[in-house]
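Number of protein chains: 2
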Amino acid sequence: MLLRQAIGAVLRRIRLQQGRTLREVAGTARVSVPYLSEVERGRKEASSEILAAVCRALGVSLRALLDEASAELRYGPRVEVDVGRVLTTL
Amino acid sequence: MLLRQAIGAVLRRIRLQQGRTLREVAGTARVSVPYLSEVERGRKEASSEILAAVCRALGVSLRALLDEASAELRYGPRVEVDVGRVLTTL
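Protein chains in written order, with numbering that gives the first Met the number 0: chain A, 0 to 89; chain B, 0 to 89.
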């Protein structure tokens with residue numbers, strides 16, 4: 000797994016855990032919705048400045064993001080199942 | 000501190016701890032010496048593929064790199080002093 004894939008998966012998970020939309024977070028971070036979507040799917044490399052802006056928009060530190068990405072690399076992608084209206088991470 | 004600065008500082012520290020030159024690591028990772036130098040100084044964003052290649056060249060996992068970068072963000076840059084022939088991290 001590449002770094003951008005681990006980071007993208009974590010950004011997406013944090014956003015979903017907060018119950019926020021791509022549009023909302025992209026707007027706060029001042030990036031386009033398609034761009035943030037590509038970053039979340041690990042298809043685009045985000046510059047360090049953009050990563051910082053997305054972290055701020057999500058209210059998480061860059062350090063927390065790295066720690067989560069490290070765990071992502073260790074345990075692999077987590078499966079998220081929509082149980083009723085609650086997103087549960089297995 | 001931006002992600003590329005934290006990652007660059009860690010890559011440089013690991014390389015120096017191994018007593019290896021920029022030329023040697025760049026050659027193994029198949030990147031140019033000036034490019035690796037810029038990455039180490041946090042001036043250029045390395046793509047995830049290049050980061051993976053540099054990690055392989057250094058014999059460290061991407062996860063270890065992230066963990067060190069997280070510590071770098073927490074404690075800030077470490078001062079390295081050349082005491083005789085031993086590089087000591089303060």
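Think of the hints as simulated: they come from the structure by calculation, not from any bench. As the structure is a computational prediction, the values presented were derived from the model and not from experiment. Warning: the hint list may mix true and false statements.
Because identical chains share one entry, a pair is satisfied inside a single copy or across any pair of copies.
[Stated by the list, open to error] Derived lysine to any residue pairs resembling SDA-like cross-links, with alpha carbons at most 25 Å apart:
#1 Lys-43 to Arg-14
#2 Lys-43 to Glu-67
#3 Lys-43 to Gln-17
Pop the pair Lys-43 and Glu-67 into one bin, within, between, both or neither, using alpha-carbon distances up to 25 Å. both (19 Å within a copy, 24 Å between copies)
Lys-43 and Gln-17: within-copy, between-copy, both or neither at 25 Å Cα: within (23 Å within a copy, 32 Å between copies)
Checking an output row: Lys-43 and Arg-14, CA cutoff 25 Å. Within, between, both or neither? within (18 Å within a copy, 28 Å between copies)
In summary, the structure agrees with every hint in the numbered list given earlier.
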